[in-house]
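Enquirer: The chain contents come next:
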Amino acid sequence: MFDSLIYGFSVAFTPFNVLIAFTGCLIGTIIGVLPGLGPTGTIAILLPVVFSLPATSAMIMLAGVYYGAMYGGSTTSILVNIPGESASVVTTLDGHKMALQGRAGPALAICAIGSFIAGTFSVIILTFIGEPVARFSLRFGPPEFFSLMVFGLSTVASLTGKSVVKAIMATTLGLMTATVGIDLVSGIPRYTFGNPFLQDGIDFIVVAIGMFAISEVIITAEGLRTGERKQMIKAKSLWISFGEFILSFWSILRGTVIGFFVGILPGAGATLASFLSYDIEKRIAKNSETFGEGDIRGVACPESANNAAAGGALLPLLTLGIPGGGATAVMLGALMMLDITPGPLLFQKKPDLVWGLIASMYLGNLLLLVLNWPLVNVFARIMAVPARYLMPIVLVISTIGVWSLSYSSMDLISMGVWGIIGYYMRKHDYPLAPVLLGLILGGRMEQAFRQSLIISRGSTLVFLQRPISVALLIGAGLFLVLPYFLERSRQFRLARQAAPKGEA
Amino acid sequence: MKNKKQLRRTRIEALVVLLGVAGYIWVGLDVPLYYRMPGVPGPSVFPVVLGIIMAAAALWLLIFPGEEEKPPKGAPEQSAWRDFEGRWQFYLMWGLLIAYVFLLPGLGFVVSSALLLIAFFFLLGERRWYLAIPIAVVFTLAIYIGFARGLQIRLPPGILASVLR
Numbered sequence: 000m001f002d003s004l005i006y007g008f009s010v011a012f013t014p015f016n017v018l019i020a021f022t023g024c025l026i027g028t029i030i031g032v033l034p035g036l037g038p039t040g041t042i043a044i045l046l047p048v049v050f051s052l053p054a055t056s057a058m059i060m061l062a063g064v065y066y067g068a069m070y071g072g073s074t075t076s077i078l079v080n081i082p083g084e085s086a087s088v089v090t091t092l093d094g095h096k097m098a099l100q101g102r103a104g105p106a107l108a109i110c111a112i113g114s115f116i117a118g119t120f121s122v123i124i125l126t127f128i129g130e131p132v133a134r135f136s137l138r139f140g141p142p143e144f145f146s147l148m149v150f151g152l153s154t155v156a157s158l159t160g161k162s163v164v165k166a167i168m169a170t171t172l173g174l175m176t177a178t179v180g181i182d183l184v185s186g187i188p189r190y191t192f193g194n195p196f197l198q199d200g201i202d203f204i205v206v207a208i209g210m211f212a213i214s215e216v217i218i219t220a221e222g223l224r225t226g227e228r229k230q231m232i233k234a235k236s237l238w239i240s241f242g243e244f245i246l247s248f249w250s251i252l253r254g255t256v257i258g259f260f261v262g263i264l265p266g267a268g269a270t271l272a273s274f275l276s277y278d279i280e281k282r283i284a285k286n287s288e289t290f291g292e293g294d295i296r297g298v299a300c301p302e303s304a305n306n307a308a309a310g311g312a313l314l315p316l317l318t319l320g321i322p323g324g325g326a327t328a329v330m331l332g333a334l335m336m337l338d339i340t341p342g343p344l345l346f347q348k349k350p351d352l353v354w355g356l357i358a359s360m361y362l363g364n365l366l367l368l369v370l371n372w373p374l375v376n377v378f379a380r381i382m383a384v385p386a387r388y389l390m391p392i393v394l395v396i397s398t399i400g401v402w403s404l405s406y407s408s409m410d411l412i413s414m415g416v417w418g419i420i421g422y423y424m425r426k427h428d429y430p431l432a433p434v435l436l437g438l439i440l441g442g443r444m445e446q447a448f449r450q451s452l453i454i455s456r457g458s459t460l461v462f463l464q465r466p467i468s469v470a471l472l473i474g475a476g477l478f479l480v481l482p483y484f485l486e487r488s489r490q491f492r493l494a495r496q497a498a499p500k501g502e503a
Numbered sequence: 000m001k002n003k004k005q006l007r008r009t010r011i012e013a014l015v016v017l018l019g020v021a022g023y024i025w026v027g028l029d030v031p032l033y034y035r036m037p038g039v040p041g042p043s044v045f046p047v048v049l050g051i052i053m054a055a056a057a058l059w060l061l062i063f064p065g066e067e068e069k070p071p072k073g074a075p076e077q078s079a080w081r082d083f084e085g086r087w088q089f090y091l092m093w094g095l096l097i098a099y100v101f102l103l104p105g106l107g108f109v110v111s112s113a114l115l116l117i118a119f120f121f122l123l124g125e126r127r128w129y130l131a132i133p134i135a136v137v138f139t140l141a142i143y144i145g146f147a148r149g150l151q152i153r154l155p156p157g158i159l160a161s162v163l164r
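Going line by line, the protein sequences match chains A and B. FYI, in numbering that gives the first Met the number 0 the residues of the first sequence are 0 to 503. FYI, in numbering that gives the first Met the number 0 the residues of the second sequence are 0 to 164.
Okay, the calculated beta carbon distance ranges per label pair:
(1) B:Arg153 x A:Phe484: 50 to 60 angstroms
(2) B:Ile97 x A:Ile283: 39 to 49 angstroms
(3) A:Val384 x B:Gly19: 33 to 43 angstroms
(4) A:Gly242 x B:Arg8: 36 to 46 angstroms
(5) B:Pro31 x A:Ser9: 52 to 62 angstroms
(6) B:Leu95 x A:Ile5: 57 to 67 angstroms
(7) A:Val48 x B:Pro31: 37 to 47 angstroms
Source of the hints: derived by calculation from the structure; they are not laboratory data. Treat the numbers as computed from the prediction; the structure is a model and nothing was measured. Glycine included, each C-beta is placed from N, C-alpha and C at the ideal position.
Please construct the entire structure, taking both the sequences and the accompanying hints into account.
Expert: Spelled out as C-alpha cells, the structure:
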C-alpha cells in the first residue's frame, strides 16, 4: 500500500503537474474569495479549461481549484462575515470576530496551516486504516444516517446563540426551507405555488448571501453609527504567532480526526464535519468561553475538519462510488473522464490511479500553504479598506454570485427576502448558522428518514432497533439537555460554596 | 434577562411563527399524492414532523419568553436608529436594497450597481462626492468587465445594452 502511495506521489509531483496544481490553487483562491462564488461555481467556470488537459493533470487541477476555492470561501467568512461555501459557515463565528479585532492575518494563516496539517494526517490515516474503516462505514444505512444528521443538527442547535429554543427554531427553519421544490422520493412539487423557479428548491447561496451579506451591510451601518465598528481596521498582526499556533495545534488535530471520520461516512460531507468538530472543541477545550468571541481555535478546528473530511470522503467515493460532498463529486467526474468506475475492487485493480488521486489532493493542500503564505498579507489588508466602501462593494459582488446561479430575478428577490429575515434574526438573537446547516442537510435527512420508514414498512421503531442509530439519538438528546443540567449543577455548586461564606 | 417590551415582542414572534407553521402544515398536507404504497410515507410526512417541532418550539417561547429584567431608571434605549435622521437612513437603506434587487435585471448591472454604490457610500458616511462617484463608477465597470468578459457570467446590460456590447 505504501509503495502505491509513493507511486501516486511520483505521478502527481512532476513539474508540469505541480505547475497545473499551482495554477488551479491560485485561480480557485482568487475566484473563491469573491463572495457568492464557491467551489462549485468556480469549477463550473473552469470546466472548459480543465477538459482540455490530459486526464491526470485535469484531476490535479480540479483538486487545486477545489482547495483554492475552499480557502477562498473561508477568507470571505473571516473578512466580511459571508460564508463562501457551506463548510465555512461555522468559520464566521470566530473568524470574523478575529478580523474585527485586527487579527485577520492569524485567522487566515491558521486556515492554511490547519488545512495543510489536516490534509497530511488524512492522507496518513487513509493509507493505513482507510480500508477497514470504509468497511465499517458500510454499516451506516438510512436509519443511521438520519440519526447522524439529527445528532449533527442537535449539537449545532445547542452550540450557537443564547437560547437553545431559538437555535432549534433556526435549524427547523432551514429544514423547512429544504422541503421547497420537487420531492426526491415521489417527484411531486411541494411549496412551489406553481412557480417553476421554486421547483429546484432554494439554493444555499441565495440564503447565505441574503442572510449574511445583506444583513451585514445594515449591521455595519449600525456599528458605524454607534461607533462599535471602525471605518478602517488596522491589522495588529499579519501572521500567526508561535503562541497562537501552539494554542491551535491540538484543536487542529482534534478537528482532523473528527473531520476524517465524519467525512468517511458516505453522504455526511465536510459541512457536518466542520459543525460537529467546532461543537466538540467548544465543549472540551480549556477556557472555551472565548469561543464565538474571536478564539483562534474556533477557526483552526472546523477548517481542519472540513479539509480532513474531504480526504476521508475519498473512501466512500473510491470503494462505493458515493461522493460525500463537493470535492468528491468533482473527483467522481474526473474518474469518469478517465473511464474508471469506482467500486470495491478499485483499490486492487487500479492502485496507481487511486493513490495518484490521493497524492494530487495532498499536493493541492501543500501548494495552498505555499501560495497563501504571501497571500495572507494581501487579504488581511482588505480590512484596512474603509467599511463605507468595502461593504457596499462586497454586496454588489455577492449579488453577482446569486444572479449567476440561474440568471433569474426570482433568486434576487428571494435573496432580498432572506436579507430581511436574516437581519431580524440577528437583531433578536436567532442564530443564522443553523438555518444554513438545516438547509444543506434537509434534503438528505428527509431521504434517509423516508428510506428508513420504507425499510421498516412505516414503523418509526427502526431508529431505536439499530445500535448505532440509537447511540446517536441518545447522544443528540444529551447534547441538547446536558448544557442545561451542567449549568444548573454549576449554579448549585456555586450556591453551596457561597453558603458557608454567607453564614460566616 | 429581558425587559417587558422584549418579552412582549418575543411572544408576538412566537405567535407569528405559529401562524406561519399552521400555513406550512396546511399546504404540506395539501400536496397531491399520485400513488401510495402501504407503509411508505408520502411527501407530507416530513414537513408535518418539522411543523410540529417548530410549533412546539414556538409554543415554548410563547409560554416561557425569558426572565423579566427591570431596566435601570434613565437608561437610554439601545438602538442605533432611534433619532429621526437615523430612522430615515435605516428605511432608505432597506428601500434601496429592495429597489436594487427588483431593478437590476431591467436597469442593468452597471447603472443599478453604480447608483446603489453611490447611495450607500453616502449613507455609510462618505461626504466627498468627488471621490464617491468616480469610485462607484470605476468599480462597477471593473466588476462588470471582470465578471462578464473574464468569467463569462452573463450580467444584465439593461439600458446600456448598445454601449456595453
